[in-house]
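Q: In order, the protein sequence lines correspond to chains A and B.
For the first sequence, our numbering assigns the number 180 to the last residue and increments by one with no breaks.
For the second sequence, our numbering assigns the number 156 to the last residue and increments by one with no breaks.
Hints were generated in silico from the structure; no laboratory data involved.
Treat each hint with caution, since some may be false.
With a straight-line Cα cutoff of 27 angstroms, these simulated DSS-like cross-link-like pairs (lysine-lysine) come out [to be verified]:
1. K90(A) <-> K138(B)
2. K89(A) <-> K120(B)
3. K58(B) <-> K74(B)
4. K117(B) <-> K44(B)
5. K90(A) <-> K168(A)
6. K138(B) <-> K89(A)
7. K60(A) <-> K90(A)
8. K61(B) <-> K37(B)
9. K90(A) <-> K37(B)
10. K25(A) <-> K163(A)
11. K117(B) <-> K74(B)
12. K120(B) <-> K33(B)
Only part of the chain B face toward chain A is listed, based on derived beta-carbon distances under 8 angstroms [as the list claims (entries may be wrong)]:
13. G99
14. L127
15. P128
16. W131
17. V146
18. L152
Cβ atoms here follow ideal geometry from the backbone N, Cα and C, with glycine treated the same way.
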Amino acid sequence: MPDKIGPNDFSYPGLGEIIFMRTEKFIQSVMNWGRSHSLWPLTFGTKCCAMEMIPFGATKIDADRTGTLFVGDSPRQADLVLCSGTISKKMARRLLNAYEQMPSPKYVIAVGACNISGGLFHDSYNSIEGIDRIMPVDVYIPGCPPRPEMFMDSVLVLQKLIKENKIKRYQDGIFRHDKG
Amino acid sequence: MESSDTIKGRFPTLLSDVPSTNKNETVILLNDKSKLKTVVGEIKNHFDILFMLMVVDKPPKVFEMNYVFTNYSKNDILTLRVNIDRNKPSVDSISNLLGSADWEEREVYDMFGISFKGHKDLRRILLPEDWPGRPLRKDFQVTDEVRNWTGLDLKF
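My request is simple: use the sequences and hints to build the entire structure.
A: Here it is as C-alpha cells:
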C-alpha cells in the first residue's frame, strides 16, 4: 500500500462502493419522481398573464391532475415560481426575496413575453428585460398572453426535466447560487 | 368661474391671466413663487381638492408647475401655474394645506428631482431609492447602464 495515491494509481470501485452509488442514484430518481408530481406553485402574477393562470387552476384545464396544487401563495411552502408579467426594477427585489425564502429544490417557469424578454416594455428605464437576468429559469412559456393549455404543457415539460435531472439550478451537481 | 374671479381679485399684483381653451377652466400665472402658500391658502377657501399636479420640463431654464384645483358643487377648474428655476429646482410644499398634494409632490420629486421645502416625507414613490437619475427630464437618456441596472447583488 503506497503512502500517497498518485494521479496514475487508479483503483476500481469495490462492490460496496458500487452498491452505494447505485443506491444513491436510485434514491435520487425516486425523490425526483416524487418532487415532479407534487409541484406547489408560488403564483407570482403581476399582470394580464395572471388572468390566464386562473383557468389553468380551474376545472377545464385542471392543474391538480399533475399535482400542481394552488394551495395558497406562501413562498415558504412552494417549490415552483410561476412568474408572469413585467417585473419592474423595484419588484425584482421583492421577487428575489420571495424566491430566496423557498425551500431548496425549487424551479422557475417564466410566463409571457414581458417576463421572458421585456416584451412591450423592452426599452424602458424601469423594467427587467427577462427574469433570467436575476434568477435561473427552467421553462419559458411564450405568448402575449399564453393560452392556459400552454401552462399545462410547461408543467409536463418541467416534470420531464426534473425526472431527467436537468434543472438549471442544480446542473453540475451543485447549487449554482451556492458557488459564491 | 366666480370663485376663480374672487381669487384673481384678491391678489391683483401676484396673478396674471393666461388664455385657456376650456371654458370651465381658468389658468392663472403666479409671478412670485415664494407666495405660493399664501395663494393656495386662499384657494382652499373656494376649491375642494388638488386633483392634479403637472410638471412640464422646458429646457434650458424652466420647470412649469401646474396645480389644478377643482370644486364639486360649481364644476369649476382653476390651474395655478408657477415657473421655477431648472438649475435649482425647489418650491414650497403645500402638503400641509391639502392632503392630496402629499403623494403628488413625492411623484414630482421622483420623476423630476424638484425638492419641496417643508414636506414631511419626501422619498421616491415609484422608483427604488437608489435608482440613478430623474427619468422624465428632457435630457434623460436610456443608456445601457440604466437598462441593465437591477440594484441587486447577483451571484449566478
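Q: Now, for every hint given, state plainly whether the structure supports it.
A: So, going through the hints one by one against the coordinates:
For the hint pairing K90(A) with K138(B), the CA-to-CA distance comes to about 23 angstroms; that is within 27 angstroms, so the pair holds. Between K89(A) and K120(B) the CA atoms are separated by roughly 26 angstroms; this keeps the pair inside 27 angstroms, and the hint holds. For the suggested pair K58(B) and K74(B), the alpha carbons sit about 33 angstroms apart, so the restraint of at most 27 angstroms is broken. Restraint check: the Cα-Cα separation between K117(B) and K44(B) comes to about 19 angstroms, which is no more than 27 angstroms; the hinted pair holds.
For the hint pairing K90(A) with K168(A), the CA-to-CA distance comes to about 25 angstroms; that is within 27 angstroms, so the pair holds. Taking the CA atoms of K138(B) and K89(A), the gap is about 21 angstroms. The hint holds against a cut of 27 angstroms. The hinted pair formed by K60(A) and K90(A) fails the criterion: a straight-line CA distance of about 35 angstroms is larger than 27 angstroms. Restraint check: the Cα-Cα separation between K61(B) and K37(B) comes to about 23 angstroms, which is no more than 27 angstroms; the hinted pair holds.
With a CA separation close to 34 angstroms, the supplied pair K90(A) and K37(B) exceeds the 27 angstroms bound. Between K25(A) and K163(A) the alpha-carbon distance is near 12 angstroms, which keeps this suggested pair within the 27 angstroms criterion. The straight-line distance between the Cα atoms of K117(B) and K74(B) is roughly 32 angstroms, outside the 27 angstroms bound, and the hint therefore fails. Straight-line distance between C-alpha atoms of K120(B) and K33(B) comes to about 20 angstroms, which keeps the hinted pair within the 27 angstroms bound.
Hint status for G99(B) relative to chain A: violated, with the closest Cβ pair at about 25 angstroms, above 8 angstroms. For L127(B), the interface hint holds, the least distance from its beta-carbon to any beta-carbon of chain A being 6 angstroms, beneath 8 angstroms. Restraint check, P128(B) versus chain A: the minimum CB separation of about 5 angstroms is within 8 angstroms; hint holds. At a threshold of 8 angstroms, the smallest CB-CB gap from W131(B) to chain A is about 7 angstroms, leaving the interface hint in force.
Annotation: V146(B) was flagged as interfacial toward chain A, and the flag holds, the nearest CB pair being 5 angstroms apart, inside 8 angstroms. Satisfaction of the interface hint for L152(B) is found here, the shortest Cβ-Cβ separation to chain A being roughly 6 angstroms, below the 8 angstroms cut-off.
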